[in-house]
Amino acid sequence: MSEPCLFYAHCGEQDAQVHGRLKIKTTAEQAAEKKKEREEKQKLYLAGLSKVFEKRASETYDEECLKTTAQLLAANPDATTLWNIRREALLAGKSENEELWSEVLQGELKMIVACLGKNHKSYGAWHHRCWVMENFPNPPWADEVKLCDSYLKLDERNFHCWDYRRFVVAGSKQQPEDELKASQQLIEHNLSNYSAWHYRSKLLPLVHPPPATSPHPVAEQALIKELQMVVEAVFTDPSDQSPWFFLRWLVGRQEKGPR
Amino acid sequence: MDDDLPTQYEVIVVGTGLVECVVAAAAARVGKKVLHIDKNDYYGVQWASFTLKGAQQWVDEVTATPAPTPPGDCELEEGEQLVGVANPSVDYSGVKQTWHVPKEPLPSPSPEPASAAPVEQVVPVEGSGGENTQLMGTPDTPPATPQDTTQSIVPVTPQDAVQDKPQDTAQDAVEATAQEMSPAEQSQDSSSTKSEKEESGRKKEWSQEELLKLSRKFNLDLAPKLLYSQGPMVELLISSNIARYVEFKCISRVLTWRGGDDGSLLVVPCSRSDVFTTSAVSLVEKRLLMKFLEFCHQYDRHPEQLEEHLDKPFVDFLRSRKLTDNLIHFVTEAIGMVGEGAGCREGLERTRAFLTSLGRYGTTPFLFSMYGSGELPQAFCRLCAVFEGIYILRKPISSLVVDSSSHTCLGLLSEGQRFTCNHLVMSASHAPREYLPQDESTLGVSRAVFLTDRLVYINIACLMHSVS
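Chains A and B, in that order, give the protein sequences. So that you can map any letter, position 201 of the first sequence is 201 in full-length UniProt numbering, and since no number is skipped, the others follow by simple counting. So that you can map any letter, position 314 of the second sequence is 314 in full-length UniProt numbering, and since no number is skipped, the others follow by simple counting.
Hint data in this document are derived by calculation from the structure and do not stem from the laboratory. Even glycine gets a Cβ: it sits at the ideal position worked out from N, Cα and C. Keep in mind that a hint or two might mislead.
Said to hold, decoys possible - Using C-beta positions, here's what the derived DEER-type ranges look like:
(1) A:L46 / B:E247: 36 to 46 Å
(2) A:L46 / B:G31: 36 to 46 Å
(3) A:S95 / B:P107: 55 to 65 Å
(4) B:E340 / A:S214: 49 to 59 Å
(5) B:E209 / A:D155: 29 to 39 Å
(6) B:K217 / A:K173: 50 to 60 Å
(7) B:D316 / A:S214: 35 to 45 Å
(8) A:N76 / B:N241: 36 to 46 Å
(9) A:A75 / B:L306: 38 to 48 Å
Stated by the list, open to error - Each computed DSSO-like pair below joins lysine-lysine, with the alpha-carbon atoms no more than 30 Å apart:
(10) A:K118 / B:K249
(11) A:K35 / A:K94
(12) A:K225 / B:K291
(13) A:K153 / B:K249
(14) A:K51 / A:K36
(15) A:K67 / A:K94
(16) A:K51 / A:K35
(17) B:K203 / B:K103
(18) A:K225 / B:K322
(19) A:K67 / A:K51
(20) B:K96 / A:K181
(21) A:K146 / A:K41
(22) A:K94 / A:K173
(23) B:K395 / A:K110
(24) B:K322 / A:K146
(25) B:K103 / A:K121
(26) B:K322 / B:K96
(27) A:K153 / A:K181
(28) A:K173 / A:K225
(29) B:K203 / B:K249
(30) B:K53 / B:K395
(31) A:K173 / A:K153
(32) A:K118 / A:K153
(33) A:K36 / A:K67
(34) A:K118 / A:K67
(35) B:K249 / B:K204
(36) B:K291 / A:K153
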């Protein structure tokens, strides 16, 4: 039997605790209550769902439609159809006034954060966020980089968030130097973060481009620094794959010697 | 109100120290009728946390000559007798408080940059042993201060009556951890609010008046307590649901004092990411340390590698693993936290306790109750109260009612009122002296609380810089 090696684990901080607890109920009582609660939730959800479908059929994209989809998605952010209906409703009610439209989209960003709280790996929610940013007259990119930072802290291998980060960086013209720093921090926090090492290999040639004749993927000065970091990582934990992969990339374009 | 108070209980607990509170909670949880009283107007006895003003009051209280409690009087049945109880504040000696800042705010900004870090010191010395030495780091020699403080914090309060409690081992271990970190990390908390204000301009000069205005921002512990994230106390808090009553913070870093006149504070590399990023150990040391820590984590699976070392000193074992002096310091002083003479098995066990607690809630193995260690006894009281335990503070007891022939306790007398009980629980410091072992020489624990307006770690680093 092998227990998980906690020495390696990096968990999030403990949830904030709540003041003033009541006496614990017996489990049977609790179970019955839970069941009742669930049934009621189900009823509400299904009622909301049929209402939204009715509205779509009759193409009445009103305030209520937006409100109901928001509530349903907060409960279940994985329902792609609901996201689609929501986008239809948003476009139908789109204001010509840029300010008003921006306000609506800002509201969407907040609503998505609520949904990500429920499931931070929801395809629909992250996709909707991209859509919102594309529709902004003046997208608030800077905040989005921070949002990525916080979600990567929560789960450093959340590929949805990594994808979104690349989308944001491309859109915002975020400097690759800053991104390189961000990847450094992630690696320092946990050197098993393969995503961060990989991201680094994409950024380095942009920040430190090698001379055309160089056999290396990056300029020599940077290469030496990166090698040092890899060596430190490998000496810390030689059994971890991620720095080795990075090392292979780092030295992989060496000219082959004569046969 | 008093007339409605029932006078018959299954368990009466006297004093709201941590151990007493655990007993009270456990008794109430299994359905016993519990009365829990304390003579103070705060919870915790020697575990209490205070505001700044509260700490001052406490100093006044324990330094004042105690008024003798009258033995009290009530109608006794035949064969009963009254036995006087002890005054627990006798346990403290040499308590004093020192300010290093002016009483009132200075009228104009002083041209000199602030150099003295500690603002106030409260030095309680616990235990009645004569060999207590007071450790008072002076503000003019800051490099010596952290060491003195840390060393003055030594495990266990000597006189707790109830011994076989589940968290007893945890207490030892956890309190020992305070050796390395309590002053540093605590002052971080209390100073964080202040430093925000300072960011904009030059260093603020504090005065007593200003600090006392912020009295409630302080949580000063008589017995600072760190919990191993995976230790028995934390497990107890979770399994009893008591953790819900308390907020915890994961300690952000562990510091250690690396010796001598030119010594300095170092961050202890505890997790893998710490080892990776630290510059305090060399490349080869990184590998040695990681290898050793991985081994410790599951040391009992490799009995063949241990055989010849188990009965020898821990340090010898570390040397046999080719650990450098630098690493040995980190392992014995900060990770295993064992003394120089510790045996191999003890060292390995303590190191493993540290390692298994890593990563559960953060990057160090320690949790601290956010609003002071005094939260812990209170949380146990709360569970007791939820299960119908009755609480009365400011309730001194005058004497015990004891059956003269069988020497069993029948109840107690408090403010002229008699309460009966099947079981009485009290700490040894409350208990009548004649019931305690006489010859036992009790070891004292020296503690000091320092208030400073900056981080201890950065403080030292800056000082070193300015000297060189």
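Which numbered conditions among the earlier hints are violated in the structure presented, ordered from lowest to highest?
When the structure is compared with the hints, numbers 5, 6, 7, 8, 9, 11, 20, 21, 23, 24, 25, 26 turn out to be violated.
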